[in-house]
Each structure stands twice: as structure tokens, then as C-alpha cells.
Amino acid sequence: MPSATMLPGSLISMPEIAELAAVKRPVVTTWRRRHPDFPTPAAGDTARPLFDARKVVDWLVGTGRAERDRIEADLRLHLLACLTGDAASEVVSDPSSAQPSGQVSGRMLSPRQLIGAITALICLRHLDDEPLHAEPEQAGPEHAGPDAGGRCLAGLRDRAAHLDPGDTLLRGEIDAIPDGLGWLPTVVDELIEAGWGCRGAYEQLLATRHRLGVPDLFVDTVTAPLAGLIAGLAGVGEHADRHGAVRLAVPDASGGDLALAALAQVGDEQVGEETLVSVVVASTDRFLARLVVRRLLVHGLPRSGVTVTGGGTSAVGTAAGADVALLHLPYRPGEERGSTNPLDEVWAAAQALAPGQTAVVLGPAELLVGALPAHHPAWPVRRDLLESGRMEAVIHLPGGLVPFRPGYQTAVWVLRHEPQSPWQGRVLLADVAHLPLTAALADTLIWDVITWRRDGHHPQDHLRAHAAQVAVAALLRPQVPLTTRRPVGPRDIAADPRPAVARVAELEAELNQLASTGGDQAPLRSGLATRDDPTGRVSQSVGTLITNGRLIVRKGNRIDPAHLAPDGQHPLLGAPELTGGVPVGSRRIDRAVLATTYPRVEFTEPGDVVVTLTPRLGVHLDRDGFAVVEFPARVLRVPAGATEHLRPRVLTALLSSLGGATGRASGAVRSSHRLEALPIPELPAGEVARLDALLAEIDERRDAVRRQLALLDELDRIATTGLAVGRLTITPDTASTTGHRPAPPRKTR
Numbered sequence: 001m002p003s004a005t006m007l008p009g010s011l012i013s014m015p016e017i018a019e020l021a022a023v024k025r026p027v028v029t030t031w032r033r034r035h036p037d038f039p040t041p042a043a044g045d046t047a048r049p050l051f052d053a054r055k056v057v058d059w060l061v062g063t064g065r066a067e068r069d070r071i072e073a074d075l076r077l078h079l080l081a082c083l084t085g086d087a088a089s090e091v092v093s094d095p096s097s098a099q100p101s102g103q104v105s106g107r108m109l110s111p112r113q114l115i116g117a118i119t120a121l122i123c124l125r126h127l128d129d130e131p132l133h134a135e136p137e138q139a140g141p142e143h144a145g146p147d148a149g150g151r152c153l154a155g156l157r158d159r160a161a162h163l164d165p166g167d168t169l170l171r172g173e174i175d176a177i178p179d180g181l182g183w184l185p186t187v188v189d190e191l192i193e194a195g196w197g198c199r200g201a202y203e204q205l206l207a208t209r210h211r212l213g214v215p216d217l218f219v220d221t222v223t224a225p226l227a228g229l230i231a232g233l234a235g236v237g238e239h240a241d242r243h244g245a246v247r248l249a250v251p252d253a254s255g256g257d258l259a260l261a262a263l264a265q266v267g268d269e270q271v272g273e274e275t276l277v278s279v280v281v282a283s284t285d286r287f288l289a290r291l292v293v294r295r296l297l298v299h300g301l302p303r304s305g306v307t308v309t310g311g312g313t314s315a316v317g318t319a320a321g322a323d324v325a326l327l328h329l330p331y332r333p334g335e336e337r338g339s340t341n342p343l344d345e346v347w348a349a350a351q352a353l354a355p356g357q358t359a360v361v362l363g364p365a366e367l368l369v370g371a372l373p374a375h376h377p378a379w380p381v382r383r384d385l386l387e388s389g390r391m392e393a394v395i396h397l398p399g400g401l402v403p404f405r406p407g408y409q410t411a412v413w414v415l416r417h418e419p420q421s422p423w424q425g426r427v428l429l430a431d432v433a434h435l436p437l438t439a440a441l442a443d444t445l446i447w448d449v450i451t452w453r454r455d456g457h458h459p460q461d462h463l464r465a466h467a468a469q470v471a472v473a474a475l476l477r478p479q480v481p482l483t484t485r486r487p488v489g490p491r492d493i494a495a496d497p498r499p500a501v502a503r504v505a506e507l508e509a510e511l512n513q514l515a516s517t518g519g520d521q522a523p524l525r526s527g528l529a530t531r532d533d534p535t536g537r538v539s540q541s542v543g544t545l546i547t548n549g550r551l552i553v554r555k556g557n558r559i560d561p562a563h564l565a566p567d568g569q570h571p572l573l574g575a576p577e578l579t580g581g582v583p584v585g586s587r588r589i590d591r592a593v594l595a596t597t598y599p600r601v602e603f604t605e606p607g608d609v610v611v612t613l614t615p616r617l618g619v620h621l622d623r624d625g626f627a628v629v630e631f632p633a634r635v636l637r638v639p640a641g642a643t644e645h646l647r648p649r650v651l652t653a654l655l656s657s658l659g660g661a662t663g664r665a666s667g668a669v670r671s672s673h674r675l676e677a678l679p680i681p682e683l684p685a686g687e688v689a690r691l692d693a694l695l696a697e698i699d700e701r702r703d704a705v706r707r708q709l710a711l712l713d714e715l716d717r718i719a720t721t722g723l724a725v726g727r728l729t730i731t732p733d734t735a736s737t738t739g740h741r742p743a744p745p746r747k748t749r
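Per this note's numbering, residue 1 is the first one in the sequence shown, and the count goes up by one each step.
I should point out that these hints are in silico values taken from the structure, not numbers from a laboratory. Incorrect hints may have been included.
Quick list of the computed label-pair ranges, beta carbon to beta carbon [unchecked claim]: (1) L163 <-> A42: 12 to 22 Å; (2) D179 <-> G244: 48 to 58 Å; (3) H563 <-> T731: 16 to 26 Å; (4) L683 <-> R616: 20 to 30 Å; (5) R303 <-> S388: 29 to 39 Å; (6) G64 <-> D344: 41 to 51 Å; (7) T731 <-> E605: 47 to 57 Å; (8) G585 <-> I698: 15 to 25 Å; (9) A465 <-> A374: 26 to 36 Å.
Being a predicted model, the structure only gives us computed values, none of them experimental. In this text, a Cβ means the ideal position worked out from N, Cα and C, and glycines have one as well.
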């Protein structure tokens with residue numbers, strides 16, 4: 001039987017060497033240049049040299065740049081990835097046959113067939129706990145010779161027929177392996193040994209699924225923290241502990257990540273029990289369904305605990321009778337989302353929930369939390385789900401959680417049937433789109449949800465870090481997003497506002513004391529007090545306010561930096577000014593240049609709010625007007641007839657308070673929100689007027705302090721420079737006239 005070094009994929013390129021050694025690509029070039037003992041190319045050309053993989057591995061291990069146990073496993077995965085890639089697109093055969101270099105002969109296997117065969121072999125070894133290929137000293141003389149591979153495969157087919165006579169699991173995949181691939185069991189055995197068992201080998205193989213040439217395995221894959229979040233929100237382990245058993249339904253199994261994360265919530269001991277955990281798997285793809293079943297079995301689930309339904313079964317049919325259902329709405333391009341309504345099956349699944357049963361839905365954020373218009377096909381269903389009382393929580397997630405589609409923004413619904421809950425009429429909303437979804441954040445979100453209103457918990461007994469309860473009645477209008485934000489500040493302030501009010505009183509007292517020493521400024525009284533109703537505020541998105549005529553938006557202008565002039569008549573407001581990179585007014589442009597080069601430019605008006613999300617959130621209230629806004633910044637203008645519920649100064653403060661909530665999470669390709677999606681809390685008209693007055697007074701005091709700081713900075717600069725160059729001096733009696741007391745000398749031991 002040929003060794004791994006003789007198989008297709010034994011040649012490795014420089015980028016693959018870098019990936020194998022976990023270094024950057026240029027490092028490999030440096031190794032070749034500085035180390036004469038680095039392996040020489042075995043094939044390829046100058047543009048793309050290919051090296052003997054075994055020699056590269058030996059060099060990396062011999063020079064201390066890798067550990068053999070780890071890199072051997074990676075080498076097996078590289079080999080299998082090559083087989084499912086370029087080699088699988090050709091004809092794959094026994095490499096020990098006497099063929100000219102670069103030529104192969106035999107029967108072809110597609111990447112799907114090869115992946116199915118490899119996973120079936122891993123599962124076969126897990127089920128009967130026997131090596132796939134006997135060692136030479138264990139095999140008799142009749143198993144030696146050029147036909148040994150064919151006899152090995154014949155034995156594996158007999159073992160598969162014994163374990164899976166009805167071909168519900170792996171027999172078909174093993175029967176399909178041609179005799180020319182008799183070396184494949186040896187490679188899989190090596191992969192299992194390198195992965196410390198069948199479970200590790202299976203997961204290492206799927207960890208490289210993006211290189212296996214089967215798009216269905218990775219296009220819908222979610223990150224591990226998201227899978228753990230969904231499983232935790234579903235309460236799989238909690239249900240198993242309380243009732244002694246749990247039935248899990250996965251209507252769209254995909255690669256099995258969600259089902260596997262759910263099993264991890266239960267524990268290995270409970271998973272192995274015959275009657276404790278059962279999983280219903282549905283998939284429109286027979287290949288994926290069988291692959292998921294094998295994955296669950298390798299992880300310890302008994303064969304009696306897995307049921308596979310056909311592709312024609314609906315989500316409600318698959319979830320019928322299940323204690324927990326995990327639904328993954330399919331991705332659709334933006335051009336198709338407005339014409340389809342995938343929420344009909346979600347509605348049916350929610351209505352089928354029995355008391356105590358849970359369904360968690362993962363889908364596009366635009367559909368699950370966006371400000372849907374009344375004409376959208378999904379709007380009536382979402383409204384009915386809110387009214388039904390089955391919607392427990394809504395979480396807006398960051399981008400980048402579906403790695404194949406990093407720009408795809410997702411959200412999660414938690415649906416639960418709690419008929420006796422006194423908290424009907426409220427829903428829990430959380431928006432973490434600006435945060436990277438780590439395991440710690442996932443655990444915090446799970447705790448926020450499960451301790452809200454489920455059995456044994458009361459909302460007032462637990463502090464919620466990211467979620468806030470909102471009245472359902474406030475969300476039943478079109479164009480209302482299902483998002484809310486937690487107040488910024490210590491967590492104890494969110495639980496009890498009284499310390500915050502006490503702190504406000506301290507701030508007012510200290511500010512008034514400072515003001516009394518510098519003049520006759522009136523005392524500051526904010527009037528802040530605790531609310532009788534602590535429920536979260538309902539928000540309207542900027543886009544909804546624009547549609548309803550309560551805001552006007554104007555785009556920024558693309559300005560050539562060469563046209564700026566320090567003595568220009570009009571200030572330029574762009575991302576540098578809004579994010580604090582340069583002072584406001586430091587960049588200017590001449591009106592003559594505007595008239596000749598930018599004849600269509602629009603000036604700002606007094607009270608315009610200039611905002612940008614690139615590179616981060618920046619907001620500026622233009623009090624004077626006649627400024628030029630630079631792209632990508634935009635102008636938000638409050639019309640004269642809409643100031644009752646929104647004023648420029650209040651809008652500026654509300655947008656600025658979003659802070660990091662608009663940032664780009666790690667792994668995402670864009671900001672967590674578009675400008676049109678930014679939430680603006682709805683404040684009563686009286687509170688808008690009072691907040692505007694308070695902000696005006698704060699601005700007045702802030703301007704006075706800034707002016708004083710500017711004067712002091714200028715005095716500092718003149719005094720220091722004058723004395724340094726020897727042109728100025730300080731008279732001896734200055735200290736007595738300014739009232740300055742010299743600092744006392746330090747005490748020394």
C-alpha cells in the first residue's frame with residue numbers, strides 16, 4: 001500500500017507551505033533564501049514552484065518550526081483537500097500504477113463522492129472500532145501484492161453491509177469507492193490517528209470545508225460563537241435537565257453546526273443515553289443529510305436517536321412534537337428579499353409550539369429586525385407573531401457571522417410558548433451589531449434571555465447587560481425596527497436609576513461651585529429624575545423619519561483637496577472634522593472655486609446636523625450654516641414643521657449617544673448600521689423641549705470653557721516662547737497679583 005507521500009497532493013506550493021506552517025507567505029521566501037537546506041522544488045516552474053510535502057514537513061520539524069503531531073494532521077488534510085480539488089476534477093487512481101509522470105487512470109470520483117466516502121470511512125471505524133486497513137504484520141500473505149487495495153475495499157464493503165444493511169447511513173458511499181482508490185483507507189486511518197480519534201478527524205476535515213470543493217458544505221456555515229448562542233437561547237441543556245429528555249428538530253441541517261452545538265449543551269453522558277436525546281434532521285440534499293447524521297453519530301449520539309426526513313417536509317412538519325427547533329432561513333440576494341416571504345413557515349412553527357417548547361430562528365436582519373414598510377410581504381406575519389405572544393426575544397447580530405458572506409447581516413428570534421406568563425405583551429430586544437460576537441458576549445446574551453421570564457425567573461430579579469424589555473404595542477406599526485439600545489453606563493445604573501440621579505445632583509453641585517468662583521453665572525438645574533415606567537424607549541430609524549417627512553437628507557460633495565485654501569470663505573465639514581481629526585473650520589474653500597468648479601454644491605443651513613459613519617460615527621451641529629459638506633458625510637435637516645418631536649440639538653445628542661453602537665464588528669466588512677438604519681428614540685414633545693433647553697445651557701457653558709482653554713493655551717504659548725528666546729520676562733510681583741500659591745516643597749526622607 002502506498003504511503004501518503006506517494007499520493008496525489010504530495011506536492012505543495014509556497015502559499016500552502018505558509019498555511020501549513022501558520023506563517024505569512026513572504027516568510028517562506030525568506031526561508032528559501034536564508035537556509036540552504038530548505039527543500040528544492042520537485043516540480044512546477046519559477047512562477048509557481050512545487051515542493052515535496054514530506055521533505056517540507058521534515059524540514060519544519062527538524063528546524064523546530066512545527067510539531068510533528070500537529071503538522072502531520074494538517075498534511076493529511078492538505079492531501080484530502082487536493083483530492084477533492086484539482087485531483088478530483090481529473091481521474092483519481094492508484095498512484096502506484098505504472099503510469100507516466102503526471103498521468104493517472106481509473107474511475108473518477110467527484111468532490112461530493114470523495115467527501116462522502118471519507119466521512120463514511122470515519123464513521124465506519126467509529127461504529128465497529130476497527131482500523132480501516134490492517135497493518136502488514138496483521139495481514140496474511142493473501143493480502144499482500146498489487147491487489148491488496150482492492151481486497152481491503154472489499155472487506156470494508158462487507159463491514160458496511162453488516163452495519164448498515166438498509167443503506168441509511170454509509171453503505172452506499174463505501175460501495176462507490178473504486179478499487180483504484182485502495183490507498184484511501186490508509187490515508188483516513190492516518191487522519192484519525194493524527195486527529196486523536198474519529199471525532200477529531202471528522203471535525204478537522206470539516207474545519208477545512210472551504211477547500212473541499214463542495215460549496216454546499218460552507219456557503220451557509222456560521223461561526224462557532226453564533227452556533228453556541230443559538231443553542232444556548234434554545235435551552236437544550238436546560239430542557240434535558242428539567243424533563244430528563246429533549247427532542248431536537250433541525251429543519252435545515254446544512255453542515256450540522258447548529259445540531260452539534262445543541263448537543264454540546266447536553267453533555268456526552270446524556271447524549272449517549274438511548275432515550276434522552278433525539279434529533280430530527282431534514283435536508284433537501286441527501287448528501288448533506290447523511291453527512292450530518294454521520295457527524296452526530298461520531299459525536300456519540302446513538303443511531304436510534306437520529307431521524308432523517310425528506311426534503312419535501314416543511315419546517316413545521318419537521319418541528320412537530322419537538323421540544324426545541326432550530327430554524328435557519330435561507331439567504332437570498334437583496335434583489336429577491338422584497339418579493340418573498342419566508343416567515344410563513346416560521347409562523348406555522350410558532351403556532352405549533354406546545355407550552356414550554358422553544359424555536360430559535362436565524363435569518364437576515366433586514367427581515368427580522370428592519371423597519372419593514374406596510375407593503376412588505378413579511379410585515380403582516382411579523383406583526384402577528386408579535387401579537388401572538390410567542391416572540392420572547394429579538395437580537396440584532398453583527399456582520400461576519402456567515403464567513404462565506406461577510407457582508408450579510410443576521411438577527412435571531414427566540415420563539416417560546418409561555419401561556420401563563422404574567423409578562424405577556426412585552427418582548428426583549430437586544431442590539432449587539434456593533435460588537436464582535438465572542439463566546440463571552442454569547443453567554444451574556446443567553447443569560448439576559450433565559451433569566452427574563454422563563455419558569456423560575458422574574459424580570460426584576462436579574463440585571464440585563466444588553467437587552468431591554470419593550471411593550472409589544474409600540475412595535476405594531478410599520479417602519480418600526482425591532483431594536484433598542486441599553487443606556488451607556490455602569491450596569492447597576494440600568495438596574496436602579498436612583499444612583500444615577502444622585503450622581504447628577506453631585507455633578508450639578510460641583511459645576512455650580514466652579515461657576516460661582518468665576519462669575520455670577522446662574523446655577524445649573526437639569527431636572528433629571530427617575531421614570532415611573534422603566535420600559536425601554538421605542539425607536540424610529542432615520543430612514544423612517546425621512547420617509548415620514550420628519551427629516552431631510554442631503555448628500556455630501558466630493559471635493560478635490562487641491563482646491564482647499566486656508567483663507568477660503570466657506571468651512572469644509574467632512575469625516576476629519578466630525579471624528580476629531582482636525583478642528584472644525586481649519587479646512588476651507590473659496591467661493592470662487594465653488595462657483596467655477598462645483599456649481600451645484602449646496603451650503604448647509606443653520607441647525608443642520610452633519611453626520612458620517614466612515615471611518616466611525618461622527619456628528620456635528622452646524623449652528624452658523626454656509627458650510628460645504630464633504631462626502632461621505634451627509635446632512636440631516638429637521639423641517640420647520642417637525643420640531644415638536646425632534647430638534648437639531650436633540651438629534652445631534654441622540655446620534656452622538658450611539659457611540660460605538662455604530663462601529664464595525666470584527667469580521668464584518670462594513671459598519672453595523674447604515675445611516676438610514678440608525679435608531680432615534682421617540683421622546684414625548686415635552687421631554688424634547690426640556691432636553692433641548694438643557695442641552696442649550698450645557699453648550700453655552702461648554703463654549704465658555706473652550707474659549708477659556710483657548711485663551712489659556714495662547715497665553716501659555718506666548719509666555720513660554722518669549723522666555724525661551726530671551727525676549728520676554730516675568731516681573732517679580734506677578735505671583736502676588738494673580739493669587740497663585742507656590743506648591744509646597746516635597747518632603748524627603
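Run through the hints listed earlier and report the numbers of any the structure violates, in increasing order. 1, 3, 6
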